[in-house]
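Please arrange chain B with the ligands on chain A, whose structure you already have, making use of the hints.
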Amino acid sequence: MRVEVTINRERYASDVEPRLLLVHLIRDVLRLTGTHIGCDTTHCGACTVLLDGRPVKSCTVFAVQAHGRELMTVEGLEQDGNLHPVQEGFMQEHGLQCGYCTPGMLMTSYAFLRKAKDPTEDEIRLAISGNLCRCTGYVNIVKAIQHAAARLRQGGT
Amino acid sequence: MMPPRTTPEIGGMGHSLKRKEDPRFIRGKGTYVDDVQLPGMLYLDIVRSPFAHARIKKIDASRALAVPGVLAVITGQDLAKYNLHWMPTLMSDTQMVLPVEKVMYQAQEVAAVLATDRYLAADGVDAVEVEYEPLPVVVDPRKALEPGAPVLRTDKKDKKDNHIWHWEWGDRAATDRAFQGADVTVKEDIYLPRIHVASIETCGCVAHFDKVTGKLTVWMTTQAPHAIRTVFALVAGHVGLEEHKIRIISPDIGGGFGGKVPVYPGYVIAVAASVLTGKPVKWIEDRMENLQADSFARDYHITAELAATRDGRLTALRIKTLADHGYADAAANPSKFPAGLFHICTGSYDFKAAHVEVDGAYTNKPPGGIAYRCSFRVTEAVHTIERMADLMAHQLGMDPAEFRLKNFIKPEQFPYRSALGWEYDSGDYAGALRKAMEKIGYANLRREQAEKRQRGELMGIGISSFTEIVGAGPSKHFDILGLKMFDSCEIRIHPTGKAIARFGTKSQGQGHETTYAQILAEELGIPAKDIQVEEGDTDTAPYGLGTYASRSTPVAGAAAAMAARKIRDKARKLAAHLLEAAEEDLLWEPGKFSVKGAPGRAKTIQEIAFAAYTNHPQGMEAGLEAVSYYDPPSLTYPFGSYICVVDVDKGTGEVKVRRFVAVDDCGNIINPMIVEGQIHGGLTMGLAPALYEEISYDEQGNIRGGSFIDYLVPTAVETPKWETDKTCTPSPHHPLGAKGVGESATVGAPAAIANAVVDALWHLGVRHVDIPITPAKVWKLLREHGVTE
Ligand code: FES
Ligand code: FES
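These protein sequences, in sequence, are chains A and B. Per our numbering, residue 484 is the first one in the first sequence, and the count goes up by one each step. Per our numbering, residue 3 is the first one in the second sequence, and the count goes up by one each step.
Since the hints were derived computationally from the structure, they do not count as laboratory data. These figures come from a predicted structure and were not determined experimentally. Hints are supplied without guarantee of correctness; some may be wrong.
[To be verified] With a straight-line Cα cutoff of 27 Å, these simulated DSSO-like cross-link-like pairs (lysine-lysine) come out:
#, chain 1, residue 1, chain 2, residue 2
1, B, K20, B, K594
2, B, K322, B, K162
3, B, K217, B, K145
4, B, K354, B, K189
5, B, K322, A, K626
6, B, K22, B, K104
7, B, K20, B, K723
8, B, K162, B, K59
9, A, K626, B, K31
10, A, K598, B, K723
11, B, K161, B, K338
12, A, K626, B, K723
13, A, K600, B, K322
14, A, K626, B, K531
15, B, K437, A, K626
16, B, K412, B, K454
17, A, K626, B, K658
18, A, K626, B, K189
19, A, K626, B, K20
20, B, K441, B, K354
21, B, K104, B, K145
22, B, K441, A, K626
23, B, K83, B, K189
24, B, K247, B, K281
25, B, K408, B, K437
Pulled out of the complex, with its shape left as it was, chain A reads as follows (with noise of 0.2 Å):
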């Protein structure tokens, strides 16, 4: 079947078996391999990506589910050479460690504050608790939420 994405505001194009899971779209035939796999069960979120704008599992999703829709990654993040605030919170405040889960806790962080304006702990809590993190403990991941919620308050990208 004919699947047409935009990714990143790109346009792609291929055809693919109505099986494919759109995880395998991004990775193994557009070859964006920064979306990751870590789990069967939709329980890590390593695959998360914004469809249309809101956070998905990709990996729980038909690539043809996708047809016609809009695709955000996190190679999308960064625009003209500037990083998100979410990716440079993640930097300053040491928020990943041996960065598998990053991107997909990226993606959800990005839509997470598109939303929240200035969250509590306890609300970036729950917002990344679809995404599993083996390294980090978590806190650093909380500071670094933070960090990119003051920096978009003060009018960041």
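Okay, now just chain B with the ligands, sitting in the frame of chain A:
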């Protein structure tokens, strides 16, 4: 802590430099194994057994081979032709790559399907038909050792039972005497269940054998690439894989924690498939395969006893342990120590006598056991002694903190030789505990607890004052399959004063690219940003044993310092030549040599580097390079004191960690930000088995906890906001005074949490709860003790 000696621009030890690896990771530009895609690459997927113990009567591949895109189905019979159906484990036991006769655990590899696409390989797996004849299953290691139990390892000709080995350490007679004469003794059965490291990236590889050159390149999720290369050469030399033509590349690794030390059958089958086809072959396990078949950790059935005087002085420790290894002893331990470093179990306390015995048993479960983010069974040791210390304190009616302070090894006793023979390098255990007590407000918490108890509320305070044993290891005692456990660093300084340094270790998220650069910056005064650190490619890196057991800083970090000092020695000669001064008249400060008494006459390390290629004295070799293979004289002993406050819900049995203060001491610190991050992560991997994670089996050997549906890796919601602090007691024998920290928190945290829960329930008559302390377990206890109905 000492203030940094270098400027922030140089970024030596003590600076919280931002990590060099982050810019690629936050852009999604890391390269993990599954990101490697080669032209013409094939995919491997694995057929797994539904039975825990069964004879294989027939494997019918015909339907699978009819699936378009499926190229081959590989069975044990195929591998047997090359004698590759069995392989050695790291403990010199044997383990099947693919079975010929029978399967020994549920989810064991039975056959492999090679196809042009991942989905087609999975279709092929579904279509392989296997006929099994179920055999009696042995799940409980105690039953495995009973007379008449079915013998599992029928492949071993003379094996008549399921006993693997017996190992003991310490002075049995002295210990027994101490127990006979003791005022007070306590005894407890403690079970540390099977758990799984569950790094978010699973295991996998891309194997590429080039038929023309005969070279095999394997991108692989491994923590120990060099050792793997040697193992491959030793096991498959007879089919033409020679060590100089094997290249192991360990690319970015998505967490290891010990789970990426062993060689799993999937890797070997992928290599075999690539050698046979001459095409690149990718094998990536999914999460369920990862949890169900990869090496587990722990599974120790422990009976521990403590003896003490009436006034609360510990005298002796006695432990008997039964280790469930599944169907093969595939532990990742130094070969002299089948129970790893479990005999660090006297912990932070000054015992006169101790004796420990461990027996290994075979069962119908996956092989292991590896460490779960710890140094060879040190968590098992710490959990035992810290639980027992609390039990004894409570038994004596003493406050657990006061009891520990009374029994700690004193700072003036270091270097200290333990009753079980270890030589502890340095420590100030009371200092760390007092700091933790102050930070958490211990006295106030005890008052609050007493008040709450009056009101019938359940609150507990738990302490764990652990001592670790890391940095394996001195080569006289430590080897894996005969390979001595040194590690290495090679430095090349380029003419413009920039540098590249390569190591035998492999980061899986610890930030080696940053911390190693900082060590070199400290030693050479070259800014850390000018130093490129590389690991994980056996074609380029010097030989080393890899990263696990918190050994990178203690061993490879020391190698970095030693190699840098060799560079500095040559730089001094070059500087003397350039400055026309005698070597003895030169003074070093980070980044330059100057002439004593004439500070204006100086040469920077960059100028010296340039001269090494453009203006070196006649008779001196050109270049500025060095390599060091560091064999540590002893181990390092990081320590800490953790205090945890829990509230227990009487209605549901749920345990909530309200506060957790961790005071760690890992000696001198290279990057404080990274150290704190390691502790946060370690604490979370201590919380996980304490409250949530377990892999168990039913009587038929069916796995429970084989997916993230049942295996509960903590999310940000369950994880408390960790509070950390530190003391600093440098290691006297490490060139930088550092000790290693990656695993301290995993080792120390579970006992603090378990102790807190028992502390909350002690007045009800509860003496011990095995981890994971689930709501169901606590609720049952509350019910038994008449608190809940
Ligand atoms: S891969 Fe784990 S949720 Fe998608
Ligand atoms: S940084 Fe390793 S899983 Fe999150």
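Each hint tested on the structure:
Of the supplied pair hints, the one linking K20 (chain B) and K594 (chain B) holds, its CA atoms being roughly 25 Å apart against a limit of 27 Å. Our distance criterion of 27 Å between C-alpha atoms is met by K322 (chain B) and K162 (chain B), whose separation comes to about 23 Å. At roughly 48 Å between alpha-carbon atoms, K217 (chain B) and K145 (chain B) are farther apart than 27 Å, so this suggested pair is violated. At most 27 Å may separate the alpha-carbon atoms for a hinted pair to count; K354 (chain B) and K189 (chain B) meet this at roughly 18 Å.
Taking the CA atoms of K322 (chain B) and K626 (chain A), the gap is about 45 Å. The hint is violated against a cut of 27 Å. With a C-alpha separation of about 49 Å, the suggested pairing of K22 (chain B) with K104 (chain B) is violated against the 27 Å cut-off. Between the alpha carbons of K20 (chain B) and K723 (chain B) the distance comes to roughly 22 Å, so the proposed pair stays at or under 27 Å and holds. With a C-alpha separation of about 24 Å, the suggested pair K162 (chain B) and K59 (chain B) falls inside the 27 Å cut-off, and the hint holds.
Pair hint K626 (chain A) plus K31 (chain B) holds up; C-alpha atoms about 23 Å apart against a cutoff of 27 Å. Under the criterion of a C-alpha separation no larger than 27 Å, the hint pairing K598 (chain A) with K723 (chain B) is consistent with the structure, at around 24 Å. As the CA atoms of K161 (chain B) and K338 (chain B) are separated by approximately 22 Å, the hinted pair is consistent with the 27 Å bound. Distance hint between K626 (chain A) and K723 (chain B) is fulfilled; the C-alpha atoms sit about 11 Å from each other, no more than 27 Å.
For the proposed pair K600 (chain A) and K322 (chain B), the alpha carbon gap of about 57 Å is over 27 Å, so the pair is violated. This hinted pair checks out: K626 (chain A) and K531 (chain B) have alpha carbons roughly 25 Å apart, not beyond 27 Å. A threshold of 27 Å between alpha carbons decides the hint, and for K437 (chain B) with K626 (chain A) the separation of about 25 Å falls inside it, so the pair holds. At roughly 35 Å between alpha-carbon atoms, K412 (chain B) and K454 (chain B) are farther apart than 27 Å, so this suggested pair is violated.
Between the alpha carbons of K626 (chain A) and K658 (chain B) the distance comes to roughly 22 Å, so the proposed pair stays at or under 27 Å and holds. With a C-alpha separation of about 44 Å, the suggested pairing of K626 (chain A) with K189 (chain B) is violated against the 27 Å cut-off. Note on K626 (chain A) and K20 (chain B): the hinted pairing holds, with a Cα-Cα distance of about 15 Å set against a maximum of 27 Å. Under the criterion of a C-alpha separation no larger than 27 Å, the hint pairing K441 (chain B) with K354 (chain B) is inconsistent with the structure, at around 32 Å.
This hinted pair checks out: K104 (chain B) and K145 (chain B) have alpha carbons roughly 21 Å apart, not beyond 27 Å. As the CA atoms of K441 (chain B) and K626 (chain A) are separated by approximately 21 Å, the hinted pair is consistent with the 27 Å bound. The hinted pair formed by K83 (chain B) and K189 (chain B) fails the criterion: a straight-line CA distance of about 53 Å is larger than 27 Å. Proximity of K247 (chain B) to K281 (chain B) is assessed by CA-CA distance (about 16 Å); at most 27 Å being required, the pair is judged to hold.
As the CA atoms of K408 (chain B) and K437 (chain B) are separated by approximately 16 Å, the hinted pair is consistent with the 27 Å bound.
In this structure, the hints that do not hold are numbers 3, 5, 6, 13, 16, 18, 20 and 23, in rising order.
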